[in-house]
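Residue numbers (my numbering), protein chains in the order written: chain A, 2 to 352; chain B, 2 to 352; chain C, 2 to 352; chain D, 2 to 352.
Honestly, the hints are just simulated from the structure, not real lab data.
Just to be clear, a hint being listed does not mean it is correct.
Pairs involving identical chains hold if they fit within one copy or between any two copies, as the list cannot separate such chains.
[Stated by the list, open to error] Keeping only pairs whose Cα atoms sit at most 20 Å apart, straight-line, the calculated SDA-like set for lysine to any residue is:
1. K50 with D38
2. K100 with S198
3. K300 with M254
4. K144 with A348
5. K100 with N264
6. K89 with I68
7. K144 with H351
8. K89 with H67
9. K100 with G75
10. K76 with H351
11. K300 with N88
12. K192 with E172
13. K192 with V206
14. K50 with N88
15. K192 with T36
16. K144 with A95
17. K50 with E22
18. K61 with R48
19. K188 with Q255
20. K188 with V315
21. K192 with G162
22. K61 with T36
23. K61 with E250
Given the structure is predicted, the values throughout are model-derived calculations rather than measurements.
There are 4 protein chains.
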Amino acid sequence: MSGNSFGERFRITTFGESHGEAVGVIIDGVTPGLTIDEAYIQIQMDRRKPGQSSVTSPRKEYDHVHIVSGIYEGKATGTPMTIVLYNKDMRPEAYDDIKHSFRPGHADFTYLQKYGLRDHRGSGRASGRETAARVAAGAVARKLLEQSGISVVAYTKEIGGIASTSFNEQEIERNPVRAADPIAAPKMIEKIEHLASIGDSCGGVVECIIRGVDPGIGEPVFDKLDAELAKAMISIGAVKGIEFGAGFEAARMQGSEHNDPMNADGFLSNHAGGIIGGISTGADIVFRVAVKPTSSISKPQQTIRENGEEQVIVTRGRHDPCICPRIVPVIEAMACLVVADQIKRQAALHA
Amino acid sequence: MSGNSFGERFRITTFGESHGEAVGVIIDGVTPGLTIDEAYIQIQMDRRKPGQSSVTSPRKEYDHVHIVSGIYEGKATGTPMTIVLYNKDMRPEAYDDIKHSFRPGHADFTYLQKYGLRDHRGSGRASGRETAARVAAGAVARKLLEQSGISVVAYTKEIGGIASTSFNEQEIERNPVRAADPIAAPKMIEKIEHLASIGDSCGGVVECIIRGVDPGIGEPVFDKLDAELAKAMISIGAVKGIEFGAGFEAARMQGSEHNDPMNADGFLSNHAGGIIGGISTGADIVFRVAVKPTSSISKPQQTIRENGEEQVIVTRGRHDPCICPRIVPVIEAMACLVVADQIKRQAALHA
Amino acid sequence: MSGNSFGERFRITTFGESHGEAVGVIIDGVTPGLTIDEAYIQIQMDRRKPGQSSVTSPRKEYDHVHIVSGIYEGKATGTPMTIVLYNKDMRPEAYDDIKHSFRPGHADFTYLQKYGLRDHRGSGRASGRETAARVAAGAVARKLLEQSGISVVAYTKEIGGIASTSFNEQEIERNPVRAADPIAAPKMIEKIEHLASIGDSCGGVVECIIRGVDPGIGEPVFDKLDAELAKAMISIGAVKGIEFGAGFEAARMQGSEHNDPMNADGFLSNHAGGIIGGISTGADIVFRVAVKPTSSISKPQQTIRENGEEQVIVTRGRHDPCICPRIVPVIEAMACLVVADQIKRQAALHA
Amino acid sequence: MSGNSFGERFRITTFGESHGEAVGVIIDGVTPGLTIDEAYIQIQMDRRKPGQSSVTSPRKEYDHVHIVSGIYEGKATGTPMTIVLYNKDMRPEAYDDIKHSFRPGHADFTYLQKYGLRDHRGSGRASGRETAARVAAGAVARKLLEQSGISVVAYTKEIGGIASTSFNEQEIERNPVRAADPIAAPKMIEKIEHLASIGDSCGGVVECIIRGVDPGIGEPVFDKLDAELAKAMISIGAVKGIEFGAGFEAARMQGSEHNDPMNADGFLSNHAGGIIGGISTGADIVFRVAVKPTSSISKPQQTIRENGEEQVIVTRGRHDPCICPRIVPVIEAMACLVVADQIKRQAALHA
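Using the sequences and the accompanying hints, generate a full structural model.
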């Protein structure tokens, strides 16, 4: 297995389990000379951490960014940059009673099937905690992209069936669900709080917009820009679907509607979501992901133990009733990583 | 760029353009001793070829499978297996008038931006013809999977807004749209024929079901089974979205609904689509892809020429008004490739 | 197995067996716009072909270069470039009597052990014929390097114990052994002819010099320039050793002798062979490889059959009594491939 | 750059600089269930550490093995195993006077050329300290190999021109130069001590023997077992050459001498060094590497500063006058990594 690396020229390798000592990442391919420090990365970690509001887990995972290698006198040296995030506020004993049980919706059963053994504490490597390393790495990619005028922003478009009807980018960081619609946001919050109160959870839809990518980025025919973004997003635990531009709606459109015409100023529409033939068009890159409801709920559920015995399980712990607000920075991070990697690949092609 | 390879242990590298001499593929990692011949592969090529019915392109691309290497006395030797599909019935002159224009929906603009030059004839490398090589390679993977009792079947679930309401697997190859619903199929055909008659096109939704995969297959955290399937599918030109199991509907469900409970006989539902934590559960793997309407339409469209001059363009040629029927075997092929690769990776992990 | 690809950004994947239809290569990552044609590549193929003189195999493998994809109007499109070299003058029946025997020095035994079956005809994939594809790909890399003022030249330094004592680059292509020493060359020829006459063979040493590589090329810590060159060279069937700069002599030097001092004009010596810390210094890159004596000899040798039965074997066929003259272009080709790839990787690092 | 990873299925990614916080490694692909602990790894670290005797650097780099992830209840989980070795006894100020100078033999000049900036302290990433991470990872691979009855042993064959004339494996760990010849060992020590006393250094030759590898391991045509070993060894800073079996001597042999005959008991000689056609024969795998004299010497040397100004430099610090004794475990580690990876690749091929 070398499934713990992502990217080719801006390549990350992550490690760590929920209840081990730390999670972290090695980034290989950071442009030498890039100015970056822990404070810059910390901003993104803080957007992902739990305990930010009433709608997220009350756990105290303050992820202090610690750079171990690859930086000298404030600049990237071009050698591997390692970032470690020590695990804090762990309560492994909270998982004792599910040590030999498979929690519905969790990877308990599949990890045991794959590996033959598993670290059951807080889902081990399958924990959402693993995404902390992605966010740290993504921040480094983001710094690189900023220098080329590229920005990446994601936001909650829908939660528990409550859809946004307006888009105001300024709103996103102003409400705890990271919605861009100030009318929908409180309804989403209410929905989450209600579900939390009855021990249930919900999912949602997150949209991501990447601006400023020059036309020409992407690697046909298999490593297309959208194909890599799809892999990146679906590799996030809770994501069950992705669509670009018009997406599944495109399936119901006619060619004459869906095709984006051009005039001298550029594209007149963006049903393609900024990518045609797997290559950026120069328009905004737009995609949406489907986020499933959090698997950890306190409602009783039917399951089995490792020995096959049936049981009713109640997942205790301090979980997010809806992961959308905290998945937003993870999605942005993965998008940054994909774009940074593809830009480097384009440079190699033309060298 | 090495974006023309896919897979790690069952690895394909494809080549060829629409109007070059041939398209083809090298497969590296075929299990030595596998019995395979051209006739077996030809079955899949014939499912993909144009000219099968009134709803597909009338082009005559009979793709004769030609194995160049890697087979000795009817068995795979374990060395690279090369399959070539010579291009036939090419009419490059049909593209002369669009040599310097960007057809809406096509990769003309983006290829020029990426590479600085392009082979405009029939979209060159960006042509759907490139998928012929995928289907050939997929057939080899399929042969391997058959030996493990794994089957892969895809079908058209929706076309032009007409959704299936029943599923009968036996129907799929009996109608030209490859629908599993014998009531919906004629309506889909009618829709396509109507749009073709007015020079327009439509898209649809294709569902794929993979049966017989043992639990435990998939490579967290980045090369998860669903992540690789997503990359594989989105790398197909016309695909704009993918969802697993409940997919985007999961975004509207509660955890108590979405979580798949288990009893001693296994999972009681399959909202996860057969994959949890990026690893197969043993249940059917189910995903759907959104297929955009064919870009080539004969309705006049607004675009520009390479020199920036605006023009109205009419895409001539012999195109599919809806690519769903012919994308079905491509989707199956890519699914076979992903699963074969992941099974080999699992074997390596435990060696 | 995906051991049939080499390089990351200028990446080749080869295929084909000695007595199959063809050998060939897909090159992924050719710089778009590169002007290249079959005639340019043919020059290198002609340097490698057998039958050039009395010291090489009399086989008639005229390798006609056939470009199948990746070129449009004389320029590389940046999409996969495929080159096919059809096999000619095959005499598979010549191998009938060794179908179930292991020829000493050949990979017959090991291929059977690895794959469980083998194509015995002319060594199948293990044949030196496989290097034809490398030479074709190397020619494309060479064209790219020429544009940056980089040249790659190899020559026979020693054959059958007869060492060169002078170096005149102009001599190399003037004698059939490709020696740079006009005094040693005829002695080498005589040695080879003598050994051929008694059914034996010999090896030699080939040196390669790469000029014009800017300082700064190479990818620590594992993909160092010398590490990649070493892998490339040792992957050639007959090569049993490689040394850089002072090489094994360095093991007998003192630091004060071996270290290359610098002054304002650059390095004052080049014991390092142009690479320090895995990165080019700007000085000539110099390495030597040990070439083993050709395994195919007509002297009787002791071996066993697949069933374990002992036998005395005589390897018939039309073999090179010394492969050095023909390995020279293969070594150059691999060197070109490594350098082209590393230059592209450097471009990606700084993007 | 992703040159900091090695291997495909047993894949390591290393990080860290000489005078940063730590060096370390992520190992991806450890067989789940493997029993391993820090003490086992520590044994190899202790063989590599400086300060073991009068012939090595007096630095106190006690490398305490610290496993951060991938182990649960004493067994590998199959998820990334991370090992960190904190840097101790650093004296960065010792390097202040060479901050802007290029030390002869060191990668100071080339790192600056490649990256545009450099961490000059103790050579930064180019330090031999980087190999500590390799040794830690190699110990994990060794544990895996032990279970298959594979052993890997290296020893000093020659130092400063003093060659061994006998081989007694039991002697290796009994003398500080790790020679297998108890007569030569004291002479080697004397030689090193003499050179150290005059501020100079020397190199040597190290041989490695891998026993117990089944026939059939190795991945033609580029990732051959010997090709991967060559890359692995040449990627070690001080190594300037490698030869397999008869090696450069093969260049002076005739085919009838060099070919290894077989009888019913196996091979009657092992000039091939246990690898033919890039695949293990089942015989011992034998190779030798050329180790250059340590670059850091206290004799005055001519060099330049970053600004081009000429100067005479004296490299201070606590350096090894001969690195052979300490490179032995590094070579073994890299050999273990290569073999473990190739065994896993073979398993994937046949899955």
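Here is what the structure says about each hint:
no., hint, result
1, K50 with D38, "within (19 Å within a copy, 32 Å between copies)"
2, K100 with S198, "neither (26 Å within a copy, 62 Å between copies)"
3, K300 with M254, "between (41 Å within a copy, 15 Å between copies)"
4, K144 with A348, "both (18 Å within a copy, 19 Å between copies)"
5, K100 with N264, "between (62 Å within a copy, 17 Å between copies)"
6, K89 with I68, "both (17 Å within a copy, 17 Å between copies)"
7, K144 with H351, "between (23 Å within a copy, 14 Å between copies)"
8, K89 with H67, "both (14 Å within a copy, 18 Å between copies)"
9, K100 with G75, "between (44 Å within a copy, 17 Å between copies)"
10, K76 with H351, "between (26 Å within a copy, 14 Å between copies)"
11, K300 with N88, "neither (28 Å within a copy, 49 Å between copies)"
12, K192 with E172, "within (19 Å within a copy, 43 Å between copies)"
13, K192 with V206, "within (15 Å within a copy, 31 Å between copies)"
14, K50 with N88, "within (12 Å within a copy, 30 Å between copies)"
15, K192 with T36, "neither (42 Å within a copy, 48 Å between copies)"
16, K144 with A95, "neither (38 Å within a copy, 34 Å between copies)"
17, K50 with E22, "within (17 Å within a copy, 26 Å between copies)"
18, K61 with R48, "within (13 Å within a copy, 42 Å between copies)"
19, K188 with Q255, "between (35 Å within a copy, 16 Å between copies)"
20, K188 with V315, "neither (27 Å within a copy, 48 Å between copies)"
21, K192 with G162, "within (9 Å within a copy, 32 Å between copies)"
22, K61 with T36, "neither (30 Å within a copy, 33 Å between copies)"
23, K61 with E250, "neither (40 Å within a copy, 31 Å between copies)"
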